[in-house]
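**Q** One letter stands for each residue in the lines below.
Protein chains: 2
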Amino acid sequence: MIAGIEMGGTKTVVAVGEANGSVIEEFRYPTTDGPETFATAIDWLGKRGVPSAIGVAAFGPVSVGRDRPDFGSMLATPKPGWAGFSITGALGEAFPEARVELETDVNAAALAEADGLEDLVYITIGTGIGGGVLSGGKLVHGVLHPEFGHWLPRRADGDDFAGVCPFHADCLEGMASGPAIAKRWGKEAKDLPAGHQAWEFETHYLAQAVMTLLATVNPARVVIGGGVSQAEGFHEQVEAKVREWANGYFPALDENKPFVVPPKYEQQAGIRGALLLVGQ
Amino acid sequence: MIAGIEMGGTKTVVAVGEANGSVIEEFRYPTTDGPETFATAIDWLGKRGVPSAIGVAAFGPVSVGRDRPDFGSMLATPKPGWAGFSITGALGEAFPEARVELETDVNAAALAEADGLEDLVYITIGTGIGGGVLSGGKLVHGVLHPEFGHWLPRRADGDDFAGVCPFHADCLEGMASGPAIAKRWGKEAKDLPAGHQAWEFETHYLAQAVMTLLATVNPARVVIGGGVSQAEGFHEQVEAKVREWANGYFPALDENKPFVVPPKYEQQAGIRGALLLVGQ
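Sequence order for the protein chains is H and P.
All letters in the first sequence, in the order written, are residues 328 to 607 by the numbering used here.
All letters in the second sequence, in the order written, are residues 328 to 607 by the numbering used here.
For reference, chain H alone in the conformation it holds in the complex (with noise of 0.2 Å):
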């Protein structure tokens, strides 16, 4: 039996399932401190038998790469009862005899979203921005792991507003998350209506972003998930402002193929992927 643990900001999904990411049976529970959280987890798959091996995608902070020395572990988060705690010595403890394979959240979708490609992105568009990486059918974990909310857009046309992000201010994530749009506007991005300026300059963000992706990882799909990317039209606005950007100058942006997609698999693609680490 192999299993699945995606660990989000709010609700925590644990599955038993197949190699190729299917989900056979599923629990969605609220997230929440770490202890409490993988017990729950724990107590259920305990339950259906004893997994051989368990895929996790986890939220971040979290350090992913097995060369280092807190490897499996939650790092400096404000999330209480987060920081610290060994998701794979959690495991390791409950069923000694499993393999452990660990990712970021984001990099989890990014497997389960490609689909035979070798390089694509998978963007997150909600509290945060998040961004998971494959390329050359390997995830990029870097030093940590990217944190694709932060760097510097270039502003909209006439956008003043200062960004919410408590580090950079008028980041990524500071000018074009959630809570910027909630607090730029007075309204959830779900209650704006097409056509409304918001729409304008999330799509101008967002469009920034996959030009900086091309420049940095040429991949041959984004997808962009989250609550914010399920505006009316909104994939088809990025991918025009990018390809006017763009200017041809691309090769990874084939004229007949759409770009910047939604993600297939929706709310699934972070317990697939999960399941696909293990599956591999």
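Hints may contain errors.
Identical copies look the same in the list; a pair holds intra-copy or inter-copy alike.
Unchecked claim - Distance condition first, Cα-Cα at most 30 Å in a straight line; then the derived DSSO-like pairs of lysine-lysine:
hint: 1; residue 1: K510; residue 2: K568
hint: 2; residue 1: K338; residue 2: K510
hint: 3; residue 1: K338; residue 2: K584
hint: 4; residue 1: K338; residue 2: K568
hint: 5; residue 1: K374; residue 2: K568
Honestly, the hints are just simulated from the structure, not real lab data.
Given the coordinates of chain H, work out where chain P should sit on it, guided by the hints.
**A** Below, chain P without anything else, positioned relative to chain H:
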């Protein structure tokens, strides 16, 4: 005998060397068209023996992905006598027994500068701006290879220069390459003294480039080479801006280690990287 060839836009270097990247003997000559430039390299090598392996570090655009149908060839380029030229074809005909490895010049330089690191970016600022990315010990290609000069940085305060990129006007290359500096100030970078406003702008753009890399591939070090980077204090100024903007956010920015550095191997990085391609 192992050999390396570094094809630059203006000069080519051919060398015999060692698996660790050391050059035993080299020849530098002006780059002309593809067939002539390679005939010279092949002739020089042939007089020294039969190489068992040849590493090539090439300017772009060049097809470096082994699964691409055009692998080994130069792609569309305005440089006369290069579009469609097959590097692997020319070398395979001359030295049918030799294993040929091909990379972009900047990826080869990243490899040479890695010095045991698995995650490092090499940026060069000259006629254009290019970047080579080593991630998890592998050189990043993506669909073709990164074209690091062509994303859209935020302007420096007070900079109203239109930019020189024929495709994107004010992309990174359009604002911060050697020709951009020359056009903006009427002087070459080497003739602009320390303290000139030019360096405030230039380090602003490169610091943004480093922020973008921290957020996407999260390297342990960024090496900046090329003529423009040789100004006094350049790397320190870029790093100071990065640390100010990053505001303690990225663990990759170790307080005790320089993060933005000049190339250790200076003009030799490309040819050393070419040798390392076949030395490993």
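**Q** Please go over all the hints and tell whether each is borne out by the structure.
**A** Hint-by-hint comparison with the structure:
no. : hint        : in the structure
1   : K510 - K568 : both (25 Å within a copy, 28 Å between copies)
2   : K338 - K510 : within (24 Å within a copy, 54 Å between copies)
3   : K338 - K584 : neither (34 Å within a copy, 38 Å between copies)
4   : K338 - K568 : neither (34 Å within a copy, 38 Å between copies)
5   : K374 - K568 : neither (50 Å within a copy, 54 Å between copies)
In the structure shown, a violation is registered for the earlier hints numbered 3, 4, 5, in ascending order.
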